[in-house]
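2 protein chains.
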Amino acid sequence: MSKKVPNRILLTEDRIPKQWYNVRADMPEQHEPYLNPATMKPVALDDLTPIFAEELCKQEVTLERFIDIPEEVLDYYRMFRPSPMIRAYNLERLLDTPARIYYKYEGNNTSGSHKLNTAVAQVYYNKKQGIDSMTTETGAGQWGTALAMACAYFEVPLQVFMVRISYDQKPYRKEVMRTYGATVYASPSNKTDVGRAILAKDPHNTGSLGTAISEAIETALKTPNTRYSLGSVLNHVMLHQSIIGIESKIQLEMVDEYPDYVIGCAGGGSNLGGLMSSFMQDKLTGKANPHFIAVEPAACPSFTRGGYAYDFCDVGHITPLAKMYTLGSGFIPTSIHAGGLRYHGMSPTLSKLYHDGYLDEARAVGQKEVFEAAVLFAKHEAILPAPESSHAIKAAIDVALECKERGEAKTILFGLTGNGTFDLAAYESYNDGTMESYALSDEDIKKGLSTLPQI
Amino acid sequence: MSKKVPNRILLTEDRIPKQWYNVRADMPEQHEPYLNPATMKPVALDDLTPIFAEELCKQEVTLERFIDIPEEVLDYYRMFRPSPMIRAYNLERLLDTPARIYYKYEGNNTSGSHKLNTAVAQVYYNKKQGIDSMTTETGAGQWGTALAMACAYFEVPLQVFMVRISYDQKPYRKEVMRTYGATVYASPSNKTDVGRAILAKDPHNTGSLGTAISEAIETALKTPNTRYSLGSVLNHVMLHQSIIGIESKIQLEMVDEYPDYVIGCAGGGSNLGGLMSSFMQDKLTGKANPHFIAVEPAACPSFTRGGYAYDFCDVGHITPLAKMYTLGSGFIPTSIHAGGLRYHGMSPTLSKLYHDGYLDEARAVGQKEVFEAAVLFAKHEAILPAPESSHAIKAAIDVALECKERGEAKTILFGLTGNGTFDLAAYESYNDGTMESYALSDEDIKKGLSTLPQI
Chain U
1 MSKKVPNRIL LTEDRIPKQW YNVRADMPEQ HEPYLNPATM KPVALDDLTP
51 IFAEELCKQE VTLERFIDIP EEVLDYYRMF RPSPMIRAYN LERLLDTPAR
101 IYYKYEGNNT SGSHKLNTAV AQVYYNKKQG IDSMTTETGA GQWGTALAMA
151 CAYFEVPLQV FMVRISYDQK PYRKEVMRTY GATVYASPSN KTDVGRAILA
201 KDPHNTGSLG TAISEAIETA LKTPNTRYSL GSVLNHVMLH QSIIGIESKI
251 QLEMVDEYPD YVIGCAGGGS NLGGLMSSFM QDKLTGKANP HFIAVEPAAC
301 PSFTRGGYAY DFCDVGHITP LAKMYTLGSG FIPTSIHAGG LRYHGMSPTL
351 SKLYHDGYLD EARAVGQKEV FEAAVLFAKH EAILPAPESS HAIKAAIDVA
401 LECKERGEAK TILFGLTGNG TFDLAAYESY NDGTMESYAL SDEDIKKGLS
451 TLPQI
Chain H
1 MSKKVPNRIL LTEDRIPKQW YNVRADMPEQ HEPYLNPATM KPVALDDLTP
51 IFAEELCKQE VTLERFIDIP EEVLDYYRMF RPSPMIRAYN LERLLDTPAR
101 IYYKYEGNNT SGSHKLNTAV AQVYYNKKQG IDSMTTETGA GQWGTALAMA
151 CAYFEVPLQV FMVRISYDQK PYRKEVMRTY GATVYASPSN KTDVGRAILA
201 KDPHNTGSLG TAISEAIETA LKTPNTRYSL GSVLNHVMLH QSIIGIESKI
251 QLEMVDEYPD YVIGCAGGGS NLGGLMSSFM QDKLTGKANP HFIAVEPAAC
301 PSFTRGGYAY DFCDVGHITP LAKMYTLGSG FIPTSIHAGG LRYHGMSPTL
351 SKLYHDGYLD EARAVGQKEV FEAAVLFAKH EAILPAPESS HAIKAAIDVA
401 LECKERGEAK TILFGLTGNG TFDLAAYESY NDGTMESYAL SDEDIKKGLS
451 TLPQI
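Protein chains in written order, with our numbering: chain U, 1 to 455; chain H, 1 to 455.
In isolation and in its complexed conformation, chain U is listed as follows (with noise of 0.2 Å):
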């Protein structure tokens, strides 16, 4: 390359893509049909237009390669979007490799991730039908607040159901939501009867994304014209997520670069869904090769230790059955930090991706290393993480390592999902040594496996 590349590299607004890119469309095969769990027959448009806004029902089956993106979400997008990509300098320095590190930065807005991305265009799609409140379920809290940011712009009124463990971790999360106008739940609540079953068994029950699901469908279903909306997992989600690889692919062709790596942390996909888009269309119409990367924690490792089965996307079995790579609805993860990667399944769109073999590579990482590298990272590189993200730093850290042992100067993109300030909890854990590394046995696994329907 004849000139340095930039640290940031910026696209300015007037570049911001003006439509999604849909990776079905250019998929050899589609996931199987979601199947309805009261017939356990493939689902038709009706069924799943209750639950959410018809336009994302249609964006759910929809094999259209490109779909525009509604200038109101535009609008919204001018405001924190383009996001920034920048070659990780100090981190090269550090590890002294010869590749090339590039991350995609999400995390630089209030709601502190990519979700954003998604909520903008879900509630807007829901405003414009006329729908007069939502509900959601959150983990984390990223997806909660990114919905109530979005909620609050478009005045839908929210509830969100927010998993225990990271109600208790995260008080302020919660008070981002409250803020911007929300009614945050922890989960499993007593506003419902999947939450009043499962407290009626464990009183002390921490939650997990596929309960605060069930909890946040019942409500939607139950109070009028009101719709659900999910902030992982489906189609209509990683549509929207799209806007991260294209925006990567044109950032990276601006400085002549292409990966050979692309690299993300995986929970329910939609950060890797994003950020592959453009890179994996190259890939499925033979333009190029990239080799892909998902990260997941190794106390819930749906890829590489669960089984491509049809599952239920949520705890209380109301949700449509999806094919995905799945721990078992009734698989209960351990509570590590991560709370945005603690799902049992998985997209069906990349599990498919996975198994049919274009993304290429699936890797579990410990608790503890993932947090080792983030303060690496945050010294470094002048940004504190997110654990969900830091899975992504881990991996791209070992893919430097492994470059430099080969001594090949390969170009490694990963995606940094989100910013970590929300997970000083976390940090303090990790900072007095008391943080865990979680292990599962394969006890644990069979038995989460053991919950899966027989179909």
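Accuracy of the hints is not assured; some may be wrong.
What follows is a set of in silico ranges between Cβ atoms, one per label pair, in the way DEER data are often shown [claimed, not checked]: (1) H:Asn190 to U:Phe154: 23 to 29 Å; (2) H:Asn190 to U:Asp168: 29 to 35 Å; (3) H:Asp14 to U:Gly286: 34 to 40 Å; (4) U:Arg15 to H:Thr304: 41 to 47 Å.
Computed footprint of chain H on chain U; a stretch qualifies when at least three of its residues, placed anywhere within it, have a C-beta under 8 Å from a C-beta of chain H [to be verified]: (5) 77-84; (6) 103-111; (7) 127-141; (8) 145-157; (9) 172-186; (10) 378-391; (11) 420-429.
Pairs of lysine-lysine, DSS-like flavour, derived with a Cα cap of 27 Å [as the list claims (entries may be wrong)]: (12) U:Lys4 to U:Lys58; (13) H:Lys128 to U:Lys379; (14) H:Lys323 to H:Lys41; (15) H:Lys222 to H:Lys127; (16) U:Lys4 to H:Lys18; (17) H:Lys41 to H:Lys18; (18) H:Lys410 to H:Lys4; (19) H:Lys127 to U:Lys379; (20) U:Lys41 to U:Lys323; (21) U:Lys222 to U:Lys191; (22) H:Lys323 to U:Lys127; (23) H:Lys379 to U:Lys128; (24) U:Lys379 to H:Lys323; (25) U:Lys127 to U:Lys58; (26) H:Lys222 to U:Lys18; (27) U:Lys18 to H:Lys4.
Note that these hints are calculated values from the structure, not bench results. Cβ atoms here follow ideal geometry from the backbone N, Cα and C, with glycine treated the same way.
Keeping the supplied structure of chain U fixed, place chain H upon it in accordance with the hints.
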């Protein structure tokens, strides 16, 4: 203007300012000299060098107009600067004002504020001098975090004395500093003579910036090869913060704008001093005549209700005396949430500019009206502002409404110094309706002023 102004006016890295601007070079008169507290004679450079790194002492007194920013400092700046200039389209629409509102956003870095600008410079000069460790105070925690980040990067150990009220209200602020390797004490502490004396009289003393400063300086003086670092008030801090105003002027020029009003919150004065810099240069040299407004809390109104007098910069009376607007070093500010603005004094340079009529106006605003403005801003501009910064938001809204009243399409620039992600306890009290709007009686003011030294 021919083309639409973008939401975010971004400056690419190659246009990052390479020099700081020293407003003192263009002032017709300088502020009165600092006085040595032991002799009450003007301080010499030798009086300051045991406290601050030598290069910073030189910058404190220099009248040179432009100072080169060292390459090592620029290397760090490039990780988070230039900061964005944002057009507040939604706020304008909401207020239905003919005014155009811009804000320079300094909160998009992990320290959460503009403080990082001077922290990096100060640690660099200490490191270059071969200093072994550093000390500082912090109020709201933004300064301590900024210095901890810079110290981590340059590998200089740091001890932070954190005002007890903030230490208690913001436990996670402390944790960020720890993550970046700093040792943090609640002030008043039992680590220093000053702290022990205060605690002996009042074990529940909630602390103040003035006390924390005394503790940090005492510690620096008693620890071998250690220096103290101050985050505001002093001339070298104003110098480093000038980068805010220099960038702002370039960014506004890019969209053919020049501010009629420049509005900043003022605690010690570093934010306002920085934001004003290039515009004040224009005013001092007769090139333009923007109207400058300093905004302070009604609970700590040094400009609007203080005296212009020689006073100690700290409670323990260790520091040199400065001629400044002050409420008296014995003034104990109420526990408002804008911890960064709870300081009895004010930058001597800003004080002089205010006294001589170049800094046109100061306004004091109440806590509850500030939070009303903050929440309005958060919902419509998608950024949760720090309580300190929200003082400027409140004043900018008022000025925009005054413009509406008069039908004037003025250009307003205000400084959004930081984000409020560590201020959720404050937002909680606002959301709960338990927040107080402190007002000071004449008696309170008189009591503070009675502690001014007789000179």
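Out of the numbered hints, which ones does the structure contradict? 1, 7, 12, 17, 22, 24, 26
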